[in-house]
Amino acid sequence: MRTYRTVAGICLVAGIAISTVPSAYAAPPSGPTNQQQSQVKSSGDSSLAQASGQAEDTPSTVEPTTDRLVVKFKDSTPEDTKSQLLQKTDDVAPSETSKLLKTTANQSDVVQMSKKLDATAQDEVVSKLEEDPAVEYAEPDRIVKNAASSYPSTPNDPMYSPNQWNLRTIGASGAWQHATGAGQTIGVVDTGITDHPDLNAKVTGGYDFVSPDYDRDGANGRDGDPSDPGVLNASENWHGTHVAGIAGASTNNGIGISGVAPDATIEPVRALGIGASGYESDFADAITWASGGAVAGAPANPHPSSVVNFSAAWDGQCSATMKSAVDGAHARNVPVVVAAGNAGVNANDVTPANCLGAIVVGASASTDVMTGYSNWGPMLDVLAPGGTTGADIYSTYNTGNESPAQASYGPLNGTSMSAPHVAGVIALMKQRDPGLDVESIRNTLVSTGAGVNGYSRINAEAAVSAVESVDSGPVVVNGIKELYDAQGGAAKFGTPRNNESGGLVDGGVFQEFSN
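According to mature numbering (1 follows the signal peptide of the UniProt record, and there is no 0), the residues represented by the sequence shown are -26 to -1, 1 to 489, in order.
Read the hints as simulated data drawn from the structure, not as lab findings.
All C-beta atoms, glycine included, are put in the ideal place defined by N, C-alpha and C.
Don't take each hint at face value.
[To be verified] Estimated spans, in silico, between C-beta atoms of each pair:
| hint | residue 1 | residue 2 | range |
| --- | --- | --- | --- |
| 1 | Asp49 | Ser377 | 37 to 47 Å |
| 2 | Ser50 | Ala424 | 50 to 60 Å |
| 3 | Pro52 | Ala270 | 12 to 22 Å |
[Claimed, not checked] When the alpha-carbon atoms are kept at most 20 Å apart in a straight line, the in silico EDC-like pairs for lysine to aspartate or glutamate are as follows:
| hint | residue 1 | residue 2 |
| --- | --- | --- |
| 4 | Lys56 | Asp41 |
| 5 | Lys56 | Glu110 |
| 6 | Lys48 | Glu105 |
Work the whole structure out from these sequences, hints included.
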């Protein structure tokens, strides 16, 4: 029998309308129900370091031009046939300088064109390609800008009582009496993550899917480091760090904030680069990889997420590329939680909120009403706290401008902040029953929520209590999990005989394993 032991330490270094949905975007076979980012940064202080700024709304946009296409050839199409078909683009974008960049998770080819194409040229080249029976579909690879155990009822995190109205609104502390997210992983597809004492012990693995055009981490493209080097956009900087803290910051550790799922693991998956921007094909691959799917050129994910959060929104229909990623995660029983967007418009016209299968989250205010900026409509599933200027969502942050500096806490508001509340609650629910399917989760979140402006604002305690607990045995979490994974895991130590226990003289914790 082996006993793992670790000592915990604190390091301070650091409106409603109905519209139809095109049949091309029908629900996946498993059948999601059709009830289906920018953020605003506000001034405020923190207990670790100050993070302040003028309130500013920076909605996501889609560039009118793109230099990439996504082409899905039918199975068994020979490579020379693919090359010949691409010659059809000659009079639009000379193909002698175009090249196949990569294959996406759904086996589509991403083609780098010799120049950026405007909307007319995009339509022309797509039409030419789709004339051939060997092409299943073609579409522009759009460039998206600014997408960016039990705990006490009152944890000892100093910002919980004065700042975290959001957790009190959703009944988080009541939910913690039933589940804390132990054994669950929250995939955060975003700008990456920074070093932070309220996050470091929670982070596992991750990957960087940002293409070279939007990368500035020195690696020139995809790599295994999901750290956030900064996006050179003050209103979007450290977006991933803020989102991660909402979902699962360390809790009851005497510093900073509390997270919705205190014992869940955070897996950062970087997909948004300079300007919190990037290509849709990279977003789709990031969602696929985080949810346990295979992505060409990337290693298999050793820690597939239990739920994936993607706090981003931009105008347009759900592309086939994004639809495939959301459908794939749905088929693997991994919910994809997305932000409804902050433009105050019908989310039917905003993606990935209009990708059937995603769990779509609008924003509520501290007064428990829907915010004026939140997108609305039948695609929304639930509301969750997103905050408003002066009553924001406080979370983990960084004081840096162009690059990471000191770990801090800061206030932001937007549907980007709403989504990770839901992802955290789902982690709590899946601890109770890891086999929960996506539609059961969606229906439970809706049916147990509080009525707010015709929508259901999530109630964490009610949602978690509604899930019948399935005893899956002891789990390995936190610092012990890091050591366990790093030193051989189950192959070396066997399975846990009990859950992590505390009470050691020096403040450490221990756990016993079968080997």
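Enumerated hints in conflict with the structure, sorted upward = Every hint satisfied by this model.
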